[in-house]
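Place chain B on chain A using the hints.
For reference, the chains in residue letters:
Protein chains: 2
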Amino acid sequence: MNPADRERAGVAPPLERESALPASRAGGGLSAALNPRSIAVIGASDNPNKIGGRPLLYLAQFGFRGAVYPINPNRLEVQGRRCYPDVAALPEAPDLVIVAAPTTHVVQAVDDCAARGAKAAIVMASGFGEMSDASAVEAERGMVVRARAAGMRIVGPNSQGLANFGTGAVASFSTMFIEVEPADGPVGIISQSGMMSVAPYGLLRRRGIGVRHAHATGNDADVTLSELALAVVEDEAVRLLLLYIESIQDAPMLARVAAAARERDVPIVAVKTGRTASGQAAARSHTGALANEDRVVDAFFREHGIWRVDDVHELVSASEAYLKGWRPSGRRLVVVSNSGAACVMAADAAPSLGLALEPLAAPTAAALAAQLPNFATVTNPVDVTAALLTNSSLLGGILSVLAETDDADLLLLSLPVAGAGYDVGAFATAAADYARVTGRPIAVASPQESVAAYFGAAGVPVFANQTDAIRVLAQLAHHAQLMRKRPPIRVSPASTTAPPGRGRFLGEAQGMAFLQAHGLPMVAHRLCRTANEARMAFRELGPRVAVKACSPDLPHKSDSGLVVLDIDNEADVVLAFTDLETRMDALGATVDGVIVARMAKGRREMVLGAKVDPVFGPVVMVGDGGRYVEALDDIALLFPPFTVEQVRDALSTLRLRVFLEGRRGDPPMDVEPLCRAAVRLGEVIVGAGRSLASIDLNPVIVGAEGEGVVVVDALVERSSRALADTADSGSSR
Amino acid sequence: MNPADRERAGVAPPLERESALPASRAGGGLSAALNPRSIAVIGASDNPNKIGGRPLLYLAQFGFRGAVYPINPNRLEVQGRRCYPDVAALPEAPDLVIVAAPTTHVVQAVDDCAARGAKAAIVMASGFGEMSDASAVEAERGMVVRARAAGMRIVGPNSQGLANFGTGAVASFSTMFIEVEPADGPVGIISQSGMMSVAPYGLLRRRGIGVRHAHATGNDADVTLSELALAVVEDEAVRLLLLYIESIQDAPMLARVAAAARERDVPIVAVKTGRTASGQAAARSHTGALANEDRVVDAFFREHGIWRVDDVHELVSASEAYLKGWRPSGRRLVVVSNSGAACVMAADAAPSLGLALEPLAAPTAAALAAQLPNFATVTNPVDVTAALLTNSSLLGGILSVLAETDDADLLLLSLPVAGAGYDVGAFATAAADYARVTGRPIAVASPQESVAAYFGAAGVPVFANQTDAIRVLAQLAHHAQLMRKRPPIRVSPASTTAPPGRGRFLGEAQGMAFLQAHGLPMVAHRLCRTANEARMAFRELGPRVAVKACSPDLPHKSDSGLVVLDIDNEADVVLAFTDLETRMDALGATVDGVIVARMAKGRREMVLGAKVDPVFGPVVMVGDGGRYVEALDDIALLFPPFTVEQVRDALSTLRLRVFLEGRRGDPPMDVEPLCRAAVRLGEVIVGAGRSLASIDLNPVIVGAEGEGVVVVDALVERSSRALADTADSGSSR
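Top line first, the protein sequences correspond to chains A and B.
Note that the working numbering numbers the first sequence so that position 271 is 271, with each residue one more than the last.
Note that the working numbering numbers the second sequence so that position 353 is 353, with each residue one more than the last.
One chain only, chain A, in its complex shape:
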């Protein structure tokens, strides 16, 4: 249920995510869920294909050593274990209870668990917060409130369960663990969806990779994915973390997960859905996910070194390479193949994936030429030609040369056709040797399963599809770079006092004064209350001015035609003044006055914006501006505080960078003061605490180098919290 629906349905907002429980207690509940000493199953069944039967099967099968308590009032024994009629009858308070009861029985069962002193419960039934029905949402909320009061954590509802293959605590009803035999290993998977907690598991196991954790958090009503991820990343066996996220509601917790992972050199790869409106709608009805603004998610992931992907295959495809510990320091790809066409296609693909296919250094090329037949081309890509068929040691020789030189940060070995007549075993050994000697990434592309098997056995990552192999190498390089770039230490700027008032928007003159006081380069202007003041302002600010209505009630004045541009004489200024005043009155708007502002000259209209995202906090936007700002969609986001250098980097990712650089006699633009203004804007929005909702500066007119930057229009919006505070204190203007 989204916030608007909640409001309509009269449902209370979601529970606060942070500090709802003291940390120690919360940690205790989580550790009981992840690593329980005892597990009870409410709704225990003899049938291992039923939700209440599967976990009992798994606990027996995967070697869980703690106590297991089936609960079912109609049985004395279930799957060979003594069965209890209810939670109250258990010999001890269980660490973890699997609530496999139907939806209608869940609330009572959870309340019973809390009363019995259980530390954590997994609620598997759906039919709660993901419904559009207000009573279902309220039932979920009430259950969580009561559990928290009793000190019990809840995973779910709508959870497929938790599975810890380190301890055998597989409290899950997934079919997958029957289909694919588990093996403990270095990967942790945490997902808000049941399917996505196990589909990656299936693909990893097929590649022979073991999985320690495969957890599904469902609706995240109490325990969130981020909380669970923090506990998992602290498991020293875990060396790779895979996440499936439909909604982030506790960004600071996810940032802590990322920091802890970075500390331990554990890469995080995540699917975050809701890229599109249709995806957001689908997520809402799946786990009740609240929509996150997608480009803010992108910026947040980049900032925290989380690699974002779009599907389950992309989620797992680089796992082997990550687990080798490969963290390449550059993006130079060398391609070696027995097929010229594979070379050509690799050369085509590399640049679009941000990889450089640089020529080999002269000594490298010479050393390779000594190995290759004379018709082979010793450039990069290295085409070893069909000569590989007759000379099995050729590949080993080439890889040895490349291992001894510094030409390749990343190596692709592509063998689109091999088999009879080829010594594939020798090739696999050569590839494994290269990886062992250099510690640098190598990926093999081979669509033939029989050929691929040799490389798999030698521990070299191998892909059926060459494009996938190159994509994985690119991911390693880009992700390693993100992981190296530690987030700057955040120094909170001095707090800024937002001007008093009770409307949602500041009048523009008030907003401009506020921003100017905080160092933003506002256009020269005067707020005029009489025609004479307007005339005086023109004399001071001319030869050309803009005249604008100023009222906190009319934030979008351009759209309402309440702005007159480019006036070059007093008479027209007075005319505009009178006209705008009349029109504001006619609209019944509060009249602050009329602004007369100098017409700014410059080279391009850009935009600066800041807002407080409900989940991610303050965010600053910089990009191409003017009337077409949404349509152009050429903006970058930054989390304040940040530096001038970071703004420069962000601008360099935009299409408009070509204008910033200048061309054919157009000088470069004055980027430095633009960056400073962005930094300042970040300080203002952070410093304002939560008293401001947004600041929109559009256009910001940027001149040629040395000509500076001028903010022409400014709209400052107070936050709901500030409005509520003002209302409480009964203040008025």
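Warning: the hint list may mix true and false statements.
One copy or any two copies: either way a pair holds, since identical chains are not told apart in the list.
In silico SDA-like links for lysine to any residue, alpha-carbon gap of 20 Å or less [as the list claims (entries may be wrong)]:
#	residue 1	residue 2
1	324	314
2	50	389
3	324	145
4	485	149
5	601	569
6	50	308
7	50	421
8	601	421
9	50	392
None of these hints come from the bench; they were simulated from the model.
Here is chain B on its own, set in the frame of chain A:
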């Protein structure tokens, strides 16, 4: 070897591709190559792992019924067949000779074949046109010239061979046909690379799809890929054509292939490499491929209904779906899954692939709701939830409802986890029934091989990766639309007479007069030869004018500072005139005079361009203009002649469309006259025959609706051919 290298090396240009041989004779040679009655092998070997041994093995193994003649002077028998010392000793002139001799013996062997009256030869050795060595290039050329004179066609050099599984004429040395057992079928593969003639074959065979043709043309020195493709597409057994192209040198022939394929409803899917500079460089050293301009290739493929992909997996991934005959008429995707997360990811992916995930019609939603448990969401995607585990007939019921309604042009069934407890056999039957009843595309996504096998057996296309499944559905929809849009009938416009002269460029005034005479909206201007003429021109054209040097020797006058903009008085006009004349003299340039032009006003600087591509012929470009034209890279291409409506469609694909539409009080721009100018420009470049090389109109200033369009700068370039003709006729100005 590229044209520049050829020139440096003193090598003659490549042979003309078209009408080099009379069509009937060419066809005869091709049919002998594709469907020979007799095959000789020069360099025949007993070892089936050698190039001269493999074809003999294959001809025996795959049931070739014609005569086979091994040739080797050192043997009496090879692989159980009588062996001949040379071609001359053969009992008949063979239809096809496989020249498996080493590079150094190839030229003599080919000449011998021609002398013996062979109809076609396949040259397998490399070391010819793909080398940077001029003598190797010349050897290839000479061989082709002599063969043509004798009426023999050559496939290759650098060819892995041709393989026709309809007749068993497998004249190839590829390892692949040992690795993967052939089966005749409806697919034709033609490739300039050996590997790419068989790698798709391997993938298709793994999916149980038969292949009729798998041909590698190598360097295309004589027989081109397009020629061979035309012959293959006329084989009635062929229902899908897959191409791998490094260089297109005979675009009209490829257009004929596309037309023939469309006539028979045979989809063409093609990899065309050389998207990037590094890819073009790699292709040059692989098959000696000459670079094609990539965006022209894109436009050409779109125009002719060829679907372009980037790798071998994309080349084959939609094959099953094409072969079902599915040609969807719309882009509405319906998703059905037992996983909410799969639904969410599908909903995210669909829009970026150009598919619409529309809500279900009310009756459809109601009919589905009657089948689904109450917690399942009856929207699109349709989440059938884990209820599928307990109710096996659920899926059949849902697919029946969807089969009876018109909500889905495309259907995705995603089962990320199934297996024990699921009646997968029933699901596969239901999916196959849906396809049979509706004739509409369905694709299944299942990463579990055991689950996927059921669908494969039922003849339903199934993909491990859900994104691949959606991509294939999108490809079907978009490609079917392209195939339906038949290319317009080309009516050649009246020929235009390019102005006389002998320089490479027309002086701007001459160029503008030429274009104006052909209906292009040139800015009002005067060519002035005296200061007084300039003064008069200002009086006529003011209040603001631009003054520009006019000389055929100074085509890029803006870059040289030979343009003065925005002059608003006579004195400055005279000053500019004198200054420009002096500077032209100082540069030693021919002085046509000085142009005084009215300063054009408008809303946006756009660009129109036309050029004659050496391969694809006349092309017109329209897009965002001004100084940043290359950096903005926001242009579309059209093949003239075309209509105003086609220009509108092309503009609607550009980012700048938002400016054309207008926003927030900005009126829409005057698109109609811009489109008319583009059409006119196309007529001019076509009508000029090959006398013009290019016309560059930048900027073209476009006003608001009703304000019109004005071409401000024009550069007209003569073709090399026109320059040569002028030189021959000894004319001078």
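Given identical chains, is residue 601 near residue 421, meaning Cα to Cα at most 20 Å, within a copy, between copies, both, or neither? neither (73 Å within a copy, 72 Å between copies)
Are the CA atoms of residue 50 and residue 421 at most 20 Å apart within a copy, between copies, both, or neither? Only across copies: residue 50 and residue 421 sit 9 Å apart there, 52 Å inside one copy, limit 20 Å.
Same-copy or cross-copy closeness of residue 601 to residue 569 [CA-CA at most 20 Å]: within (18 Å within a copy, 23 Å between copies)
Cα distance capped at 20 Å. Does residue 50 pair with residue 308 within a copy, between copies, both, or neither? Answer is neither: 35 Å inside a copy and 48 Å across each miss the 20 Å cutoff.
How would you label the pair residue 50, residue 389 (within, between, both, or neither) given a Cα cut-off of 20 Å? between (55 Å within a copy, 9 Å between copies)
Evaluate residue 50 and residue 392 at a C-alpha cut-off of 20 Å and name the case that applies: within, between, both or neither. The answer is between: 15 Å across copies meets 20 Å, while 55 Å in one copy does not.
Within a copy, between copies, both or neither: which one fits residue 324 and residue 145 at a CA-CA cutoff of 20 Å? neither (44 Å within a copy, 56 Å between copies)
Checking an output row: residue 485 and residue 149, CA cutoff 20 Å. Within, between, both or neither? This pair counts as neither: shortest intra-copy Cα distance 41 Å, inter-copy 67 Å.
Checking residue 324 and residue 314: alpha-carbon separation at most 20 Å within a copy, between copies, both or neither? Answer is within: at 18 Å inside a copy they meet the 20 Å cutoff, but 29 Å across does not.
Hints 3, 4, 6, 8 from the earlier list are contradicted by this structure; the remaining hints agree with it.
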